[in-house]
Amino acid sequence: MTVAADVPTPARAHLTAGAQAALITLIVGALCLALEPHVPWLVKWPASWEVPATQWVGAFLDWFLNAIKPAARLFSDLMAYPMNWANFVLGNTPWPILIGLVTALGWYLGGLPMAALGFLGLGFVLASGYWAESMNTLALVAVSVPVALIVGSAIGILANEVPRVKSVVQAVLDIMQTVPTFAYLTPLLLLFGFGPVVGLIASAIYAAPPMARNVMLGLERVEPEIKEAAIMSGGTRFQQLFQVEIPAAATQIMVGVNQCLMAALSMVIIAAVIGGFNDIGWEVLLTMRKAQFGESLLAGMVIVVFAVVIDRMSGTLATERQRYDNRVVWAVLGFAVLFTLLFWARLPNPSELTLLDPVAQAVDSGLTAFTQDNGPWLDALKNNSMFYVLLPLRIGLDQAVLPFTWGFQWTPAMSFGLFAVGAAIALLMAWRGHLTGGLVTLILIGMLETGIANLPWPFVLTGAAALGWVAGGWRLAALSVALLSTILISGLWERALLSLYLSGAAVFFCAVVGGLIGLASAVWSPVWKIVRPICDMLQTIPLFVFLIPVLMVFQIGEFSAFLAICAYAIVPMIRYTRHGLVNTPDEMMEAAIASGATEWQIMRDVRAPYAAPTILLGLNQTILYAFAMLVIAALIGTTGLGQSIYLALGQADVGLGISAGAAMAILALIADRMVQGFAEERRKALGL
Amino acid sequence: MTDANTPAIACRNLWQVFGQGAEKALTDALARSGDDAEKAAAELREHGFIPAVQNANFDVRDGELFVIMGLSGSGKSTLIRCISQLLPGTGGEIRIDGDNVRGAPKKKLTELRRKKMGMVFQHFGLFPHMTVAENVAYPLRVQGVGRKERLARAQEVISLVGLEGREDSFPRQLSGGQRQRVGIARSLAVNPDIWFLDEPFSALDPLIRRQLQDEFLRIQATLKKSIVFITHDIAEALKLADRIAIMRDGKIVQIGTPSDIVLRPVDDYVREFSKDVAKGQHAKVASVMRPGDAERGPDDPGLTVNMTLDAALARCMALYEPVPVHDETGAIVGTVNPSDLAAALQVDDA
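Protein sequences appear in the order of chains A and B.
Mapping of the first sequence onto full-length UniProt numbering: position 58 corresponds to residue 58, and the numbering continues sequentially without gaps.
Mapping of the second sequence onto full-length UniProt numbering: position 307 corresponds to residue 307, and the numbering continues sequentially without gaps.
Bound-form chain A, shown alone:
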């Protein structure tokens, strides 16, 4: 018996789609390399060809925003009322009563564990001395969340009722998911002026989509027979919707409420960068800038505590709930009031509490000691990663290999040697029947030689078109080229490549390491027992907080940004990999075992292929997460689009902010469509 793959087929008459695409990309890349000395515009898009799109966008938006400014200011004045009110209430309620309220709420929602979580969480906040700042943050969340819930539900219901609106809403939500958070802020700043209202509105805008999405999803997933039963019961559309469909979708809608809360909190904290409001996010930024990492970490912990309390408590809404004894609720509240009254005169001002300051100082000194003791080692880690991995990826071996770092100078002869080795590998692989693999190897070696930031633009466009074509046909290829071309001619190309490089490196790292952790978790359940709470935790922490620990150890720089992105983006890769591998149908496993396959063979031949579409979706999420974090990481030193967005915020340059945001969104969108395309193809191939 012969197996097709073992038959050497060096020159096939018909190339597969993948091989064709790879071949074309390779030829274009090789041509660019060869022509580079003679035709410099092949590599670097000449500045004179650029269209001042950023200015145009800026001019248009300035005009537009100015036109709607009066309405916006009115709205912002209106929003100031509930916000001031919430601020006043939260700021002036004695702390024992608030702690009592949260504890009672915890009991009502989830019994003893939730009550304890609420009590300890708020106790920690009180002890940290950040009570007042926390209440400011909470006031923002308390106002933005109802707005987001109402708007999100209205959009979700509207989309459900009017099929024509649905596809539009879906598309807009998809795009909003890819537009980086900071990009919202600049135009809002122009519209509403500096102040907390910007944070409020930004967080409402950011938090409404998850609600809308979940309402839509929930309504869509109501069993058709339940909907039909409502119709046959003679309900009007209004009755069907509000008496049957929405209550039946309650679980999914509560997931939306949970996500909405978390998104609002996350955005409120990010919005602190525009300042002007003494909230906890601002506190983190301030201490971070002053390099008071102990305080910074403490403030960060307060944010994490809030995130965990809000997440876990609202999470109980989405699960089947037991009823807990209401008398306990009243008892807790009564005790809180009694406590307040009894000790009214002696209640300490929460801002003056310094119970945890020694801890912060200990962390600070401990950290100093740690970095001093481990300095050489940490520096070596950082420098080696930079010099031997990140830098070559960014500017290519031909520029990164210097006597100063690698101990020798890269020469053209070495380039030639590298390509010769690459060609040999490619030939060998082609000989073994993996023509596409060989071609891709050659392309990758070429990219390593050149560096992602220096890739010739015709090569990038061709490569994107080729990938798009393989993943989703001509339409995706055309879309990719069209969208990338707008970046190219608008003068953001170099920054886009830099962003691509850093997120690409992080995604690659996450894919490999996260994939391995996911695999280990799937194979060996004790690993999952440890990994799972870590993943839960990482997903609960607001983006912003990831910066603190990396900054503490590695200072400002690209490597810290890289680590922060990885820490945030690795979670979906782990989760989806494990999920895909664990959920192989039992029947398939049994069939493989009955066929006499070993554990390893089952993994390779049955579980991995079956899990492939799920793992690809995880990769997709990882990519989107990496892009989201890339912009936040601009705070601690990255180059590229993220930096531009951040700078634009500082200069209130709407054109640059929106253009750079759009460029990020384009990159994320293309990556998303391509990976989804591959996943879809795999699913189809498996008949799922």
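Rather than coming from a laboratory, the hints here were simulated on the basis of the structure.
Misleading hints may appear alongside valid ones.
Using 20 Å as the maximum straight-line C-alpha spacing, the simulated EDC-like pairs for lysine to aspartate or glutamate come out as follows [to be verified]:
#	chain 1	residue 1	chain 2	residue 2
1	A	K227	B	E111
2	A	K227	A	E161
3	B	K275	B	D260
4	B	K107	A	E228
5	B	K108	A	E228
6	B	K106	A	E228
7	B	K284	B	D242
8	A	K227	B	E134
9	B	K115	A	E228
10	B	K107	A	E161
11	A	K227	B	E199
12	B	K224	B	E236
13	B	K106	A	E161
Chain B is faced by these chain A residues, among others (derived, beta-carbon under 7 Å) [stated by the list, open to error]:
#	residue
14	E225
15	A229
16	A248
A few chain A residues that don't get close to chain B, going by computed Cβ distances all over 10 Å [as the list claims (entries may be wrong)]:
#	residue
17	L61
18	F88
19	G123
20	M254
21	A318
22	V363
23	A423
24	G515
25	T584
26	R604
C-beta: ideal position from N, C-alpha, C; glycine also.
Following the hints, complete the assembly by docking chain B onto the known chain A.
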């Protein structure tokens, strides 16, 4: 409008075609083929449309239990959804008590559902957030019936289906059989004239299924609704039906009494179905009787028209001459030849 002879439901040239712009495509296809349903359906399919119900014609009489039987994908669920107007239908008419309801305004349909129709679903379609009593009372709630009144009515129907004591349970706390009892009770809450049941017992265990079939017959014996009942199970169809319509690929291939279906299948497809059923248990003496008078002989085995063939054959094992058949009153209405009885029961090898 309504008199004794108006059927409760009448379908005339009913079509349900899926696809963008199906209505126009159907009209065109019918015009081109000269109203030939076969040709029109073939043409529609060619153009990517799905003719799920093709040219259905039948009446359901007042108080009749009309079963529509077919395999999955034969269009039976689509058909019942057309009749109940959960699907709009693409062509033809559906008359309820003589009134065409296809394409009727929403308000009229809602009114019709509130007063005249009830429906039971294969997977029950219970509202997960309501208790048993609230589920059953829901059709009354949408009409604005007061809480006390509607719960009292719900209690009545709940007793009818034998679920007393479970009023305050939620659907998730019930077994499959109990859930379908709730579904049945809910569909009867407004005391409708027309009762749709879409594979009501298919999701249940065989034992529970039989129990519910028997109870369903008991309920129907007292309520006498006009029923459209969908099933894919020939034994269930034969057991329950007054008349059966057999569907295949969107077409109704035969309509007849259980005896007709068993003894006179119109084609191999129908024959294939009845092959495995014990014909003697389902066909009645009436289906092989020759009408006419006969003398009351000394060895009259006392056959009646409603006797199953099995029972009749057992009584005239030793007889070779035609024997008289009596109606319910005892009067002789015809004769049957014992050899015809035996012949009718013969299993075809084809």
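Taking the hints in turn, this is what the structure says about them:
1. Among the hinted pairs, A:K227 with B:E111 is consistent with the structure: their alpha-carbon atoms are about 17 Å apart, no more than 20 Å.
2. With a C-alpha separation of about 13 Å, the suggested pairing of A:K227 with A:E161 holds against the 20 Å cut-off.
3. A hinted pair counts as satisfied when its Cα atoms are at most 20 Å apart, and B:K275 with B:D260 qualifies at roughly 14 Å.
4. For the hint pairing B:K107 with A:E228, the CA-to-CA distance comes to about 16 Å; that is within 20 Å, so the pair holds.
5. Proximity of B:K108 to A:E228 is assessed by CA-CA distance (about 17 Å); at most 20 Å being required, the pair is judged to hold.
6. For the hint pairing B:K106 with A:E228, the CA-to-CA distance comes to about 15 Å; that is within 20 Å, so the pair holds.
7. Using a Cα cut-off of 20 Å, the hinted pair B:K284 and B:D242 holds, with the two alpha carbons roughly 12 Å apart.
8. For the hint linking A:K227 to B:E134, the alpha-carbon distance of about 16 Å falls within 20 Å, and the restraint holds.
9. For the hint pairing B:K115 with A:E228, the CA-to-CA distance comes to about 16 Å; that is within 20 Å, so the pair holds.
10. As the CA atoms of B:K107 and A:E161 are separated by approximately 18 Å, the hinted pair is consistent with the 20 Å bound.
11. For the hint linking A:K227 to B:E199, the alpha-carbon distance of about 17 Å falls within 20 Å, and the restraint holds.
12. For the proposed pair B:K224 and B:E236, the alpha carbon gap of about 19 Å is at most 20 Å, so the pair holds.
13. Distance hint between B:K106 and A:E161 is fulfilled; the C-alpha atoms sit about 16 Å from each other, no more than 20 Å.
14. At its closest, the beta carbon of A:E225 sits 3 Å from a beta carbon of chain B; the interface hint therefore holds under the 7 Å criterion.
15. Hint status for A:A229 relative to chain B: holds, with the closest Cβ pair at about 4 Å, below 7 Å.
16. Evaluation of the A:A248 hint against chain B yields a held restraint, the C-beta minimum of about 6 Å falling below 7 Å.
17. Non-interface call for A:L61 relative to chain B: holds, since the shortest CB-CB distance, roughly 39 Å, exceeds 10 Å.
18. For A:F88, the non-interface assignment is confirmed: its Cβ lies about 37 Å from the closest Cβ of chain B, beyond the 10 Å cut-off.
19. At roughly 36 Å, the least C-beta separation between A:G123 and chain B is larger than 10 Å, which holds for a residue marked as non-interface.
20. Separation of A:M254 from chain B is adequate, the least Cβ-Cβ distance of about 12 Å exceeding the 10 Å criterion.
21. Non-interface status of A:A318 relative to chain B is upheld: no Cβ of that chain comes within 10 Å, the nearest being about 14 Å off.
22. The claim that A:V363 lies off the interface holds: its Cβ sits roughly 49 Å from the closest Cβ of chain B, which is beyond the 10 Å cut-off.
23. With a least beta-carbon separation of about 49 Å from chain B, A:A423 lies farther than 10 Å from that chain, consistent with its non-interface assignment.
24. Distance check for A:G515 against chain B: the nearest CB is about 38 Å away, which clears 10 Å, and the non-interface claim stands.
25. The non-interface label for A:T584 is consistent with chain B: the shortest C-beta to C-beta separation is roughly 27 Å, beyond 10 Å.
26. Listed as a non-interface residue, A:R604 keeps its Cβ farther than 10 Å from every Cβ of chain B; the least gap is roughly 37 Å.
The structure is consistent with each of the numbered hints, conforming to all of them.
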